[in-house]
Structure formats: structure tokens, C-alpha cells
Amino acid sequence: MSTHEYDAIVVGGGHNGLTHAAYLAKAGLRTLVLEKNGGVGGAAITEELLPGFHFTTFSYALSLLRPEIIHELDLVQHGFLPLMMPSSFHPTGDGGYLLFGDDHQANVQEIRRHSPRDADAYERYHYDLDRVCQAVRPLFDNPPPNIFGKDPDDAVDVKWLLDHLGGVEQKVMHDVVRLLTGSAADWLDDYFEHEAIKGYHASSSIIGSKVGPMSPGSGLVLLFHKMGEHDGHLGSWAFHKGGNGGFTQVLNRAAQAYGAEVRLGAQVTNLITQDGRAVGVALEDGTEFRAPVVVSALDPRRTFLDLCDPRELPLDLVDNVRRMKFRGVSAKVNFALDSLPVFPALPDTVDHFGGFLNIGPTIEYVERAFDAAKYGWYSERPFIDAAVQSVVDPDMAPPGKHVMSCFVQYAPYELRGSDWETERQAFGDKAQAVLESHFPGFGDLVLHREVVTPVDIEARTGLTEGNIFAGEFLAPQMYFFRPAPGWSQYATPLEGYYQCGSGTHPGGCVIGSPGRLASQRVLRDLGR
Amino acid sequence: MTPVRTTPFHPRLSELNDQGLYTHWQDTLSPLRYSHAPKHEYFAVRNSVGVFDTSPLYKYVVTGPDAERLLAGALVRDVRTCKPGQAHYTAWCDDRGRVMHDGVVFRHSADEFFLTAARPALSWFQELGSGMRVELEDVTEGYGMLAVQGPRSRTVLMELAPEAETLGYFDHVPVKIADTAVTLSRTGYTGDLGFELTVPEDRAVEVLDAVLEAGRPHSIRPFGEEALMTLRIEAGLPLIDIEWHDARLAMSDADTVTPKELGFGWMLRGVRDGSRRFVGSEAIRRELVDGTSRWATTGVVVDWADWDRLYRDAGHFPPKSEHPLPYESMILDADRSEVGYCTSFVYSPVLQRHIGIARVRPDLAAAGTELRLELAVDHHNTTVRIETTTMPFFDPPRKKEQWKKA
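As they're listed, the protein sequences go chains W and F. If you number the first sequence the way our numbering does, the last residue is 528 and the count never jumps. If you number the second sequence the way our numbering does, the last residue is 1406 and the count never jumps.
Errors might be hidden in some of the hints.
[Stated by the list, open to error] Simulated restraints on C-beta separations: (1) W:Gly79 <-> F:Arg1272: 33 to 43 Å; (2) F:Leu1016 <-> W:Arg137: 34 to 44 Å; (3) W:Glu5 <-> F:Lys1400: 23 to 33 Å; (4) W:Asp153 <-> F:Trp1266: 38 to 48 Å; (5) F:Arg1398 <-> W:Asp338: 39 to 49 Å; (6) W:Glu436 <-> F:Arg1309: 29 to 39 Å; (7) F:Met1251 <-> W:Ala106: 54 to 64 Å; (8) F:Pro1396 <-> W:Glu436: 50 to 60 Å; (9) F:Arg1309 <-> W:Arg30: 48 to 58 Å; (10) F:Ala1376 <-> W:Val177: 53 to 63 Å; (11) F:Asp1209 <-> W:Val342: 19 to 29 Å; (12) F:Leu1021 <-> W:Arg524: 49 to 59 Å; (13) W:Ala257 <-> F:Pro1120: 49 to 59 Å; (14) F:Pro1120 <-> W:Asp348: 33 to 43 Å.
These aren't lab readings, by the way, just hints derived from the structure by calculation. No residue lacks a Cβ here, since even glycine has one placed at the ideal position from N, Cα and C.
With the sequences and hints as input, model every part of the structure.
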């Protein structure tokens, strides 16, 4: 076994595992990444399902990725190339549409076309939300202080937090709380009158979460998505060259260039401990790898209940992790298309296909789609966040052909009275019917359809119950409490055992923060 | 006054322009952008294919037994090494060895050249050619020039002209596109794989239509001057009236530069040893021998963390604008003394960094020198950390790749 010794072992080669490994390797640690699948990327992969057609099977766009990671890991050197999404398109359900682009004044006019009253509300809305983001950002980009800790360092951290919050303006602080605790619908009602304009802005409030836009908590999901930025534009998204799989390949190259070793097809079955501290991991085939540092990039369920023996952990932690909500409600329906779909009101242009196609005309439409999920069934008319990536990145499909990624909600992990194997195609049909209603003739363009259910997400990526954020974005599962009270600083009760997945602060999306912040913790503990 | 002019491609390109924003480039309408997102046009060039209407350039045909002799005595680069079927990016100077204009010279045969120029230069060349057996003709309006640029430009043009497949960097070849005799050259101003088509003006729209049609499956789109600025800065290419001014029209010595100071040292083969003579070469020779260059042109890259900190500390979101700064800003050393100035500055989306073209004291030009760039935050002058670097900033292998016949 002596040949299998490392300074650090990272379990899971998703984007956080790779980011983490790159930082550790850059700091000089002999680092090994163990990935169960035949390729890295976790839920950020691109697959050529049909010759020339590249599908972003799961995750499909980039925004939350922290800019410092791009520079600190020199990702441009390794092929980092985020392509601008020039537009954002929202059919209003009555044959009309909202089409937003890169020109703020034009966007204001687009709002005004539907509601003169909402035009200046739109500017105020973005200003207020920007101020909230600015107030929250230091919390987002630093590890949460341990408010339960007794250490003098903890007191310093808590003071830092209180000082920061004390400097936030009264109105901004109130807005923060309204967003973190309230519903997106209530928040939007304070600004807009037009149903479709509210619907457009509500779309990011339900992504990956078992909430409707009227549910308290949807405000938090909306705010989280607004924390992203692309080339300095807050809340703006991009397609990475080659899809999000293209991005994780960049991370893979960076990690390896810094000296990390990546082993594929290496399913870790358990952590090996000795005298209450981690000393290595064992694979399915019995192979053992030894290292004084083992870092799990898996979600909290797998990190605490599968990889290690819960009997070695404090009972309240085990209880909290067991109680943690995952409840995946998201599915993907991905298409290979013979040509671009046609939106009847815009027959001769491609500009509206430059970014997200937001199919959820009003808050009520999305809330009704959510209703089914409450009772264990999928939406009759689901919400769809679609993207024809080949318009922006022609390398994703053969010339003139296209790939269309559709993120579809709601698709609850557990179906009442049936299962996903039975419902897969029926669900795909529902999504396709919605597309057909907005893009007549859509069905005739379909060369291939891939339906990715929450069960598929869990089976292939390991994300518990197919929750795309490795634990829902609910207030009691964020910040100090992510993944569990007392364990939000990337360490675990087992010495030498750490966590760096999206189940830790700040959370999911292709963001890299958990991987980066966890690396700072590991290196600090090692005295580096 | 005559009404502002339009290019031969304008009838079609204006249909693709939903912005109505134009500059007057040589008194000719030149789009700033075609859509609301110049950055999207920029990515067409970096990731697929875009077209740019470069027709307003001045164009001269130089013919006759002494054509080579005239140009060899005027151009900074040795045009005698430019064989028929090749092209040179070049410049010309006044007798003090200060740069006037730049342009591209295409050699069609032993005694026939086609020269593009950034500024009008007919009388300059005519006077230099007086007494020589050479004819100069201004054909500026006779041709449209269309730049087809980006990684997919070759694939698109191969469908129209098989010659595009193996055409070498800065080579050109006569081809037929849309039943029209076109000069196809592997040239451009974007620093990427790219071509230019020189087209008789009365057939310009037909040729453009053929290019757009062949490009449609590849997401081809026209790009305007805003996208071009970002592209050419990434490519480290200087622009007249920004990086320098016509030496013959400069009011002060400080407003002129030598080819060496402008970063054109690579054009100066045979000058130091006096084996080659052209207008200004003797002054340049002395500059090289005596080491009297006042400036060196260099790239500068901004320290991202310092940039972000400056703005965040002031309560702002750090701007990352792909629109170049319109003003000159000073470069300082550690003691805050002025040691140079930045002439072009932009946020590069492909490099994820702010970059600039700058001129610094020659002893500070070695790549990796740490300096500071002046800028204003919240209406106060401050400085940000920068480092000198070689140019081009962005230089993909495809730009010069020599393909063999498949």
C-alpha cells in the first residue's frame, strides 16, 4: 500500500472537487482526486449523444463562479472561455414576448412597451437588488463565523460579521431580510404591476428548489442566483465554450497542471479512520489510498452517512444531516434539433435565441406548475428554462443544426403511485407539448430527445434525491447552518476529514466557492 | 458639402443593422455596432465568424517598371522581399524617420502593387515617384473590402473559393466568388484566423450575399467598430490617431513616433547596417545605433485583485467594460513619476483581464516590469498596479497556421 500515499485525497471530481484539488496541489500538496465515473465534471458535463451534437446533460450555464478562482487558478491558460449570452427571452403566454439584451435603455423600453409604470420600477428594482447583493457579498465570499464557538478566533470572526452588518443601511438590511425570508412574489409585487414582467423576474426564484414563487423562501433562491456575475455584470450569465463540461475540463487541466492526480472509475466506499481521525479511503475493489487529509466533495448525506460511519459522529450532526432537505424537483429534457424553432411573433430573427428562453409566463403559471409537486406529481404544464447553446457556440452542433437544453420543473424525486422509469417519456411529452405551444412545429424539428429525471441525476452524479444544489436552499440550511449547525467551516468532527461540496457554504450552482474556501481551511490547519 | 458617403456593401449591411449608430470613417458611414451587443459581435470573431466592412480604407494601384523601386524607397518594410501573391503590413515615414501612415501592400506581379492606406497619401507617393516609370491611381471607390474573420472563416470561404483552404498567412490569390473576380487575402485586423476580400464595387453586394449565405450555418454576423477595437487591442495592433499621429501633421515633436518606438522594430531589417535606404531610414539608423529611442511600446496587464479592491473599497462594482477607454492615461513608477502613457485600454473577455497598449521609457519595457496606471475612482486620481507584457495579448495558433490540402 505504500505506493498509494498522498498528502490529500479529494473524493469526487465534480467542479468543487477539482477546484479544491487545484488549490491544494498549487500549495504543494500531493493531491489525489477519486472520481467514480469515467470522466470528471460531476453534474457539469457535456456529452456527445449524437455525432456532432453536444448535450449539457445536467448543468448548462455559468454565472455564480467566483471571479477570483479564474485568476488564482490561471484558468484562462487552460482554456477558460465564457461566451456572452446576448439576450434573454420571455414569451408572455399570449403570443407576445419580453426580449432583453445588453442595452439597458433598450430593456427599459421593452418593459415600457408592456407597462409604462413598470419602466422606472425596473430600474429601481435592479438598483435595490444590487445594493442587497453588495451587502451580502462579504458573507457569501467568506466562511461563516462559528457563532457557537468558544475560541478567541471565533469571537474575532463574529465581530467582523457584526461590524459588517452594522454598516449596512437600514433599508438595504430590511430588503435583505425580506428576500431571505419572504416570497419572490411578494418582493416583486412591490415593484411591478405587469404579470409577465413579474413572471420573468420570478423565474430564478424556484430553480432547483421545492418552492413556488409564492412560497416564503423563494426570495432567497432569487437572491442567490443574483449573486452571480459575468465579466463584471451582476446577475449575468454565460455559456462556457463547449458547455459546462467544457468548463470542468478546464478545471481538470488546471488541477493536473498544478500536479494533482485524477483517477477515474474510482468509487470510494468508505473513509478509513484510526483513533478518531481520517487516514485514507477504500475503493469498491478494496484498493486503499492513504493521506492525512481526506476531503469529501460529495453532498452532506454521502459525506456524513455513507462515506463514514455515523456512529463515529456526534448524534446531533447525524440527526441534522438525516433531517436535511434535498427533495429534487428538477429534470432536464435535452433536444437535438434539425433547425431553429420558430416563435411566430419573431419569424425572421435569431436574436431571441441568444440566451435563456424563459417558459413560465406568469407567477401564477409557475405556482400552478408547483402545485402538482406538493402532492407528489409532475407539472401538467411545467416551467422550462431553455437554451439553444449552439446559437452562441456553433461547435455544440453540426452546421445549421442545434442543441437545446431544457431545465424543467417541477419533477419531484418521489412520485406518488408511480416511478420515474414508468413516467420518463410521458414527462418528456409534457415538456415538449409546452414548447410546441410556444414554438408551433417544434416536434417536427426533434432529431433526438433525452429525458433526465431526478432519479437519473442521483444515479449518475450521486446528488441525493437529485437535488442540484446538494441540499436545498432553505434558510435553516444556509450560512451558519450549511450543512449543519457547528459544521459550516468545512471541517468535520473527524480530524483530517473535510467537506468541500455544494452542500457547504455558500451552496450550489457552478460556483467553486466551497472548493476554494475549504482549501483555505485545510491549508490553514496544515499550517501552510 | 456632399452628403456622407456609404460603402459598396452598405445596401445589404444596413439591413442587418438595427442600431443606426455610425461613425464617419473617411466621411463614410461605418457602423459602431450592428446589434445591441457589440460583445456578441466580438465573440463571433473569437468563436465562430464575423464580417467587417473595411471599404473606407484608401486604396492605390502602383504599376510600372519602377513600382518596386518607388515603394522600396518609401516603405519601412523591405518590399523587395514581398513576392507576387504575398502581402506586407507596413508603414511609411517622413524624412525625420517619424511614422506617417500604415497600410498593407499586396504584390500582384513584378510591377504591380495594390496599397491600402489609413490616410490619404497619393501626392506623397507621386512626389517620391516623380521622374520614375511608375503610375499611381487612387481606386478607393472602385473596390469594397470585406474582412471575414474568426476560427470558422476558412471553412466558410472554402465553400465559395477552394483556394481558401491552403492560403498562407498574408498571402493572396485571385478567386471567383458569385461570378466575380475577387482578391482573397489571408489578412485582417483582429489577430485571429481571417481573410479579406477585395471586390469590385459594382459586385460587392452579390459577393457579400454569397459569404453571408455560406456563413449562415456557422452563425456568421457582421461586427462594427466597437467589437473591432477590442479585437485589435487584444491583437496588439496600433491604430492611427490613437497610438500615433501622422508625423507630417504633428504640431510638436512629442506627438510623433519612430517605427521603433511604435513597436515596428521588426520591420527594420537592413536599416542599422545601412544596406537599405528609404525615406527616413538614415534618421532611424542613427536612432538604432545611438540608442536614442524615447519610448518603447509594450503591452500592460492590470493586476485584477488591485483593480477590484480599488472599486470595492469605494463602494462600486469593479467595472469590466469591453469598450476601450477614450483617453490617454499616465503610467507611473514606484516613485509616482511619469514614465509613460497608455494609449488604448480595454477589458478583454477572452483573457478576463484589463489590458492596454502603452509606451514606456525603453529601460522599463522588459516584460514583467511592475508599474502603475493612473485612473480616477470617485472623481479622485489614483493608481492601479500593472505589469508590462509582450504583445499580442491574444495570439491563437490558428492565426498563422499553414494548412495542407485535405
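ask   = How does the Cβ-Cβ distance of Ala257 of chain W and Pro1120 of chain F compare with 49 to 59 Å: does it lie in that range?
value = For Ala257 of chain W and Pro1120 of chain F the Cβ distance comes to about 51 Å; the hint holds.
Q. Given a hinted range of 29 to 39 Å, is it respected by the beta-carbon distance of Glu436 of chain W and Arg1309 of chain F?
A. violated (51 Å)
Distance restraint hint 38 to 48 Å, applied to the beta-carbon atoms of Asp153 of chain W and Trp1266 of chain F
57 Å Cβ-Cβ, so the 38 to 48 Å window is violated.
- prompt: So the hint says 50 to 60 Å: do the beta-carbon atoms of Pro1396 of chain F and Glu436 of chain W match that?
  reply: With Cβ atoms ~41 Å apart, the hint is violated.
Looking only at beta-carbon atoms, does the pair Met1251 of chain F, Ala106 of chain W fall within the given range of 54 to 64 Å? Violated: the Cβ-Cβ distance is about 41 Å, outside 54 to 64 Å.
- Arg30 of chain W and Arg1309 of chain F - C-beta distance against the hinted 48 to 58 Å: About 33 Å separates the Cβ atoms of Arg1309 of chain F and Arg30 of chain W, which means 48 to 58 Å is violated.
Note whether the CB distance of Gly79 of chain W and Arg1272 of chain F lies within 33 to 43 Å or breaks it. holds (41 Å)
_Beta-carbon spacing of Arg1398 of chain F to Asp338 of chain W - inside the hinted bounds 39 to 49 Å or not_ = Given range 39 to 49 Å: violated, Cβ gap about 29 Å.
**OP:** Can you let me know if the beta-carbon spacing of Leu1016 of chain F and Arg137 of chain W is within 34 to 44 Å?
**Re:** holds (40 Å)
**Prompt:** So the hint says 49 to 59 Å: do the beta-carbon atoms of Leu1021 of chain F and Arg524 of chain W match that?
**Reply:** holds (52 Å)
Q.
Quick check: does the Cβ-Cβ distance between Asp1209 of chain F and Val342 of chain W fall within 19 to 29 Å?
A. holds (23 Å)
- Item | Range agreement (Cβ of Asp348 of chain W with Cβ of Pro1120 of chain F, hint 33 to 43 Å) | holds (41 Å)
Hint violations for this structure: numbers 3, 4, 5, 6, 7, 8, 9, 10, all remaining hints satisfied.
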